[in-house]
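There are 2 protein chains.
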Amino acid sequence: MFDSVEKLKEYVRHASVSADPQFKAGMVGAQQFVSGLLKEIGFAVEVVPTALHPVIVAKSGDNPQWPHVLIYGHYDVQPPDPLGKWATPPFEPTIKGERIYGRGTADNKGPLMVHIAAVARLLEKNPRLPLRLTFVVEGEEEIGSKNFKTFLMANKDKLRGDFVYFSDTGIPSPDQMVITVGLRGMLAFEVEFTGPNSDLHSGMNGGGLMNPLQALAELCATLHTPDGRVNIPGFYDAVVEPEPWEREQLKKLGLKERDYADFLGIKEFHAPPGYTPFEAIRFLPTLEFNGFSGGYQGEGTKTVIPSKANVKITCRLVSNQTPGNVKDAVFNTIRTRCPKGVTLLIKEQHHAMPYVVIPPDRSNTPKAQSPALAKCFRAVDRAATEVFGKPPIYLREGGSVGLIADLKDVLGIDAVMLGLFLPEDNLHAPNESFHLGVMKRGIETSERVLAELARG
Amino acid sequence: MFDSVEKLKEYVRHASVSADPQFKAGMVGAQQFVSGLLKEIGFAVEVVPTALHPVIVAKSGDNPQWPHVLIYGHYDVQPPDPLGKWATPPFEPTIKGERIYGRGTADNKGPLMVHIAAVARLLEKNPRLPLRLTFVVEGEEEIGSKNFKTFLMANKDKLRGDFVYFSDTGIPSPDQMVITVGLRGMLAFEVEFTGPNSDLHSGMNGGGLMNPLQALAELCATLHTPDGRVNIPGFYDAVVEPEPWEREQLKKLGLKERDYADFLGIKEFHAPPGYTPFEAIRFLPTLEFNGFSGGYQGEGTKTVIPSKANVKITCRLVSNQTPGNVKDAVFNTIRTRCPKGVTLLIKEQHHAMPYVVIPPDRSNTPKAQSPALAKCFRAVDRAATEVFGKPPIYLREGGSVGLIADLKDVLGIDAVMLGLFLPEDNLHAPNESFHLGVMKRGIETSERVLAELARG
Chain A
371 MFDSVEKLKE YVRHASVSAD PQFKAGMVGA QQFVSGLLKE IGFAVEVVPT
421 ALHPVIVAKS GDNPQWPHVL IYGHYDVQPP DPLGKWATPP FEPTIKGERI
471 YGRGTADNKG PLMVHIAAVA RLLEKNPRLP LRLTFVVEGE EEIGSKNFKT
521 FLMANKDKLR GDFVYFSDTG IPSPDQMVIT VGLRGMLAFE VEFTGPNSDL
571 HSGMNGGGLM NPLQALAELC ATLHTPDGRV NIPGFYDAVV EPEPWEREQL
621 KKLGLKERDY ADFLGIKEFH APPGYTPFEA IRFLPTLEFN GFSGGYQGEG
671 TKTVIPSKAN VKITCRLVSN QTPGNVKDAV FNTIRTRCPK GVTLLIKEQH
721 HAMPYVVIPP DRSNTPKAQS PALAKCFRAV DRAATEVFGK PPIYLREGGS
771 VGLIADLKDV LGIDAVMLGL FLPEDNLHAP NESFHLGVMK RGIETSERVL
821 AELARG
Chain B
371 MFDSVEKLKE YVRHASVSAD PQFKAGMVGA QQFVSGLLKE IGFAVEVVPT
421 ALHPVIVAKS GDNPQWPHVL IYGHYDVQPP DPLGKWATPP FEPTIKGERI
471 YGRGTADNKG PLMVHIAAVA RLLEKNPRLP LRLTFVVEGE EEIGSKNFKT
521 FLMANKDKLR GDFVYFSDTG IPSPDQMVIT VGLRGMLAFE VEFTGPNSDL
571 HSGMNGGGLM NPLQALAELC ATLHTPDGRV NIPGFYDAVV EPEPWEREQL
621 KKLGLKERDY ADFLGIKEFH APPGYTPFEA IRFLPTLEFN GFSGGYQGEG
671 TKTVIPSKAN VKITCRLVSN QTPGNVKDAV FNTIRTRCPK GVTLLIKEQH
721 HAMPYVVIPP DRSNTPKAQS PALAKCFRAV DRAATEVFGK PPIYLREGGS
771 VGLIADLKDV LGIDAVMLGL FLPEDNLHAP NESFHLGVMK RGIETSERVL
821 AELARG
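These protein sequences, in sequence, are chains A and B.
One point on numbering: in our numbering, the residue at position 42 of the first sequence is 412, and numbering is uninterrupted.
One point on numbering: in our numbering, the residue at position 124 of the second sequence is 494, and numbering is uninterrupted.
I should point out that these hints are in silico values taken from the structure, not numbers from a laboratory.
You may find that some hints are simply not true.
A pair counts as met if it fits within one copy or between any two copies, since identical chains are not told apart.
[To be verified] Each computed DSBU-like pair below joins lysine-lysine, with the alpha-carbon atoms no more than 35 Å apart:
(1) K678 to K710
(2) K526 to K810
(3) K678 to K621
(4) K697 to K710
(5) K409 to K621
(6) K710 to K626
(7) K394 to K455
(8) K495 to K710
(9) K516 to K778
(10) K528 to K409
(11) K678 to K379
(12) K495 to K778
(13) K377 to K516
(14) K466 to K526
(15) K394 to K678
(16) K622 to K710
(17) K637 to K394
Generate coordinates for the entire structure from the input sequences, incorporating the hints supplied.
Here it is, written out as structure tokens:
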């Protein structure tokens, strides 16, 4: 019998931080762990090199008449800092109550384990399951899947599935399945401000020149309007309003603003007019500061005017924005608004297209879609309703999984996304965890979905 | 024969960073080094404990009829970071060309060594020099001399000098002495912005709430006007305009804006209207950002909305501002302007009064001053003119030495400040150094000054 929790613990111990070369051993360990596990349950595994971290491609089922399901996952995780805020070590998985704690438990090691466990169970019962399954597990999702599109283009023939099926999205509570039908895109970059060529004494020079930190603050302060919108000409031009059924589905989530504000520990939300905070997170683009640095950050004081200041920025994008158009608008605006006396360097990082799929039987203006995709959506609806006790909700998510747009673009296939992580899971933050009850229901749902697809 | 350069090298090797408890051994080492050196040249040394780092009080000469000169210095230095920018190790003094490199060479170990060497020479020639000398060397100047005023009050009787004489200020070039007749005061504090109670995933929450980094930028951007003034109601109320002779003296410095901009590596200055940058640095108060922190600062990207953001701020003050009045204006303004959705915590750090003294024979509206002080000013004028080849310039400085105001307040005495460091010395920055030619002239000047005072 496949012990999914024990396997997940083993998996989490590999500190697979893709962003930081120091974690190279953890990256290799996690890749080898997943490869080994898939071999164990009967898959033919290939480790496909990329310019950075390799992609695992694992196949089972060889009859070209059988439906072909791609299952996506990623074996890399976010950096664990700030380390001091973890109650237990990030790479020593720890079970407390209904939860397993550790970096990557929810994003994406637990959810991937859900589908591996479901497949393991099905193949245990029926090694000749009439289904072609291809796991595609990459190692660069947390740094923007930079090499994934190249990988897809080079390996198209191995990846001609009917659709991609996976879990890297969220649900509001352990008893409510959410099928994600949209993801925000992404434009990530940083801006470096340079003033004097060396750090200066603020007494001997203060008052005579522009401080790069002041320039950073003054420029960044222009990028939003007081009502919470992004203050960049043209930024919203391509944005498509959500359909009425989308707002209705979102209401079914039953989120209460006061409760969610209390959960976050904030006094009030700050969403643009005409949108609840929950709508703003899903239906609107953003420009968000992810890090400021510059000057003295240690204990006590240091009376310095730093030579440089730096801001890390990500824009989240929605249909029909593109990273290219948004980049032009944002970079031009930033260059135009740069205060005098400092120079700017914009360093482009990764980007991702936004994505939307309309599930069958939902939209008043439905678009044509493949029968295989529609069949999977209906199988998921049925299985989730049975296992979770109520129908799933169909929602766009605020996060970004740019490879979904890449899969659509390169392979021409859509995605069926089963949410599995909870708001309390602390993704990308200290004390990340995964709910063991959700894990169990996830495995049961996925097993039913794949069984139904196998029945043809 | 006292070898001042060798002694300075020994002194610099003690990594006496007062701001960081990790450098405890360096603090003790530097204190013991100075104490030992002063004993060697004939002083009675007392190490007076304070709440943090002790003060060295060293006395020579016991006839109450003799003039009594206090000589001030500090044995602590600034933190050495960013370490990566040093060409040679900060605590391994290295001579290259005319300069000695190392943290503290210019601020304040070299200049203190100048006066110790001058005294050593005089006492070598005449052990019964008719002068009372008291060295007062503290260990907390770089962290705001927090315990110095308490020390002064508790040790008043030992410190009843005619004036205080020392070097912790600057000159424009190796052949131009500057006597500092004013220093800016200081108000140091930091502001912490708190949003959500934990770092959040910017995809799952971005667009719904105020990001503490955004709040920091928006608040900081309100604190200056576009023309470079501080934008806080009442901030300039107490500021006294410089006297015409002060602007004239400053012009004698012969500073060229273009040259100084090139030296700093900036394209243009940013001084308030009506003031050259050189005037703004000396005659106007500032509000300067010394450090921003918050969010992800490592390699690559991390899509986080941080729980907290922090800015370190120092205001430089001029006559007749007081840290108390400025604090009220600044803190109230910051509290009033705090963006909604985050909470503020202002953490007060150290502060210092601004200081001005009018040298004899300068002002059209002279104030009464003690004959001993006037005598010292005239002795310095004569000695510096002879040794440096032209008359000294009398200037206010942009830096802060708050203890000067404390000495005035507690002991009722003024200060005679001989400038010794150059703009190229990189105070508070990587690759700090001290000019050996200036060191030699400084020793000769100081020896002549003390000899003249001893002649009565």
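Consistency of the hints with the structure:
Taking the closest pair of Cα atoms, K678 and K710 come within 35 Å of each other both inside a single copy (14 Å) and across two copies (29 Å). For a Cα distance limit of 35 Å, the shortest separation of K526 from K810 inside one copy, 33 Å, qualifies, whereas the shortest one across copies, 76 Å, does not. In this homomeric assembly, K678 and K621 come within 35 Å of each other (Cα to Cα) only across copies, at 31 Å, whereas the closest approach inside a single copy is 46 Å. For a Cα distance limit of 35 Å, the shortest separation of K697 from K710 qualifies both inside one copy, at 22 Å, and across copies, at 29 Å.
When the C-alpha separation of K409 and K621 is checked against a cutoff of 35 Å, the pair qualifies neither within a copy, at 43 Å, nor between copies, at 81 Å. In the homo-oligomer, the alpha carbons of K710 and K626 lie at most 35 Å apart only across protomers (20 Å), although the nearest pairing inside one protomer, at 45 Å, exceeds that limit. In this homomeric assembly, K394 and K455 come within 35 Å of each other (Cα to Cα) both inside a single copy, at 24 Å, and across copies, at 28 Å. Taking identical chains as interchangeable, the C-alpha atoms of K495 and K710 are never at most 35 Å apart, the minima being 70 Å within one chain and 58 Å between chains.
Taking the shortest Cα distances, K516 and K778 sit within 35 Å of each other inside one copy (16 Å), while across copies they are farther apart (64 Å). In this homomeric assembly, K528 and K409 come within 35 Å of each other (Cα to Cα) only inside a single copy, at 17 Å, whereas the closest approach across copies is 84 Å. Taking the closest pair of Cα atoms, K678 and K379 come within 35 Å of each other only across two copies (31 Å); inside a single copy the shortest separation is 42 Å, beyond that limit. In this assembly of identical chains, K495 and K778 lie within 35 Å of each other by CA distance solely inside one copy; the values are 33 Å within and 90 Å between copies.
Taking the closest pair of Cα atoms, K377 and K516 come within 35 Å of each other only inside a single copy of the chain (28 Å); across copies the shortest separation is 57 Å, beyond that limit. Taking the shortest Cα distances, K466 and K526 never come within 35 Å of each other, neither inside one copy (43 Å) nor across copies (62 Å). In the homo-oligomer, the alpha carbons of K394 and K678 lie at most 35 Å apart both inside one protomer (30 Å) and across protomers (30 Å), since each shortest distance falls under that limit. For the identical chains of this complex, K622 and K710 are inter-copy neighbours only, at 29 Å across copies versus 50 Å inside a copy, given an alpha-carbon limit of 35 Å.
Taking the shortest Cα distances, K637 and K394 never come within 35 Å of each other, neither inside one copy (41 Å) nor across copies (42 Å).
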